[in-house]
Amino acid sequence: MTPTTALLYYNNLARQERSRMLNALWIVLLGMAIIFAVLGVLLLVMILLGKLVKPREKQGKKE
Amino acid sequence: MDIAAGEFLGFLHLTWQAVVMLVIGGVLMWLGIAKKVEPVLLVPIGFGCVLANIPLGGAAEAGGFLAVLREAGIHTEIFPLLIFIGVGAMIDFEPFLQRPYTILLGAAAQFGIFATFLLAYLLGDGWLHVLNFSLQDAASIGIIGSADGPTSIYVATTLQSKYTAAIVVAAYSYMALVPIIQPPIIKAMCSKEERALKMPSVAGTISQRTKILFPIITVLVVGLLAPKATPLIGCLMFGNLLRECGVVERLSLTAQNELANIVTILLGITVGGMMAGTEFLRPETILVFILGIVAFSLDTVAGVLLGKLMCVLSGRKINPMIGACGISAFPMSSRVVQKLGLEANPYNHLLMNAAGANVAGQIASVVAGGVMLMLVPMFI
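Protein sequence lines, in the order shown, are assigned to chains A and V.
Read in order, the letters of the first sequence correspond to residues 1 to 63 in the working numbering.
Read in order, the letters of the second sequence correspond to residues 1 to 380 in the working numbering.
These are calculated hints, taken from the structure and not from any lab test.
For each residue, glycine too, the CB sits at the ideal point set by N, CA and C.
Possibly wrong hints are sitting among the right ones.
As the list claims (entries may be wrong) - Short derived list, chain V residues pointing at chain A, Cβ under 10 Å:
#1 P100
#2 A107
#3 I113
#4 A115
#5 W127
#6 L135
#7 I206
#8 R209
#9 F214
#10 A368
Isolated chain A (complex conformation) (with noise of 0.2 Å):
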């Protein structure tokens, strides 16, 4: 191997290993976003049910 193949090839390999790092930091980046995403929607449809459906004794009350 010469000393510019040699080069070649380190660096491809250190590119390498830095795309792998990002692709598991993308799976970072965007798992959270997905899980906030997922549970945000998920609070505001509790709450908009939480005002559609009231406990029934309070029903009764204001009837």
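Given the coordinates of chain A, assemble chain V onto it according to the supplied hints.
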């Protein structure tokens, strides 16, 4: 005669790995029986471990009953899903429905999963190559931070991790160790004044209709946005629907008792059966256990940090400690926060608030598992 004895006498075939695993199996049973540490799980796991490591026993080898159970229940992901039906039937989501904002604490407390995944991958194939951790292995190790045994089994087996047995044992062991892991972290992050902070009680009850609609809506929302989580959240919410709908009490009781108990026995002994010495005793196994503690700790830190933010934003109406309950170790985590609250202020009863965050964490951990299953194959 010597050859025949060699073929029949198991102790002549004992290896050091088998001896170590027999001791570990014994310790697990001792912890369960003498120390009452998660006995429902540790006794079957310990016994399965002993069975799997008896030379010439063949219980865990191809065709053996533990191998058959592993194929039928773990590799098909049936056991964790059936357990989830029982768990769903046991959980009362009312504390969460009274405080729906706690779902955000559940979301924050999943950070440990992803941070640990990153750390495991960094040590493995990602960069340092110190250990033999592939992307799938790292994701499966990270999921220990879900503090949820069935989710850990489901994700590790779906991603076909080499360390499934170690991951499952770590997940269940650390759930039992929550009262030891969490208090020092919470005390380090929250001042006595913060720990003593009382939370206003929630007025009113949740209607029966809301309780019935909740599991159905949750399945639809989570399933449509994170489809890979559908089996887990589906079984959890199916169990909860049986409990709340009020017309199938027999099924609800069966799910809570007979189903959960039978599957726990089978799951425990099968997981123990996966602890064969030659596969289990590797340097990576020790790292899996260390990373499991890291995951639990970072979950707690992230939950408390969001708790602190919510405390400030709410005008000090939320005790930041309940953020630590965002991990789904139910109900150990709630009890830890209740105890710490009472230590700081004898009139500070945080149990229901903590339970709200705790059951929210159960939903969040299932979503985290589904998200991991969705994202990891995209980047392989």
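Here is what the structure says about each hint:
1. Taken as an interface hint, V:P100 checks out: its beta carbon lies about 4 Å from the nearest beta carbon of chain A, inside 10 Å.
2. Because the beta carbon of V:A107 sits about 5 Å from the nearest beta carbon in chain A, less than 10 Å, this interface hint is met.
3. About 8 Å separates the beta-carbon of V:I113 from the nearest beta-carbon of chain A, less than 10 Å, and the hint is met.
4. Evaluation of the V:A115 hint against chain A yields a held restraint, the C-beta minimum of about 7 Å falling below 10 Å.
5. For V:W127, the interface hint holds, the least distance from its beta-carbon to any beta-carbon of chain A being 5 Å, beneath 10 Å.
6. Against a cut-off of 10 Å between C-beta atoms, the interface hint on V:L135 holds, since the closest Cβ of chain A lies about 7 Å away.
7. Because the beta carbon of V:I206 sits about 7 Å from the nearest beta carbon in chain A, less than 10 Å, this interface hint is met.
8. Nearest Cβ of chain A to the Cβ of V:R209: about 5 Å, under the 10 Å cut. The hint holds.
9. Given hint, V:F214 at the interface with chain A, holds; its Cβ is 7 Å from that chain's nearest Cβ, closer than 10 Å.
10. Contact between V:A368 and chain A, as hinted, is supported at the beta carbon level, the nearest pair being about 6 Å apart and thus within 10 Å.
In summary, the structure agrees with every hint in the numbered list given earlier.
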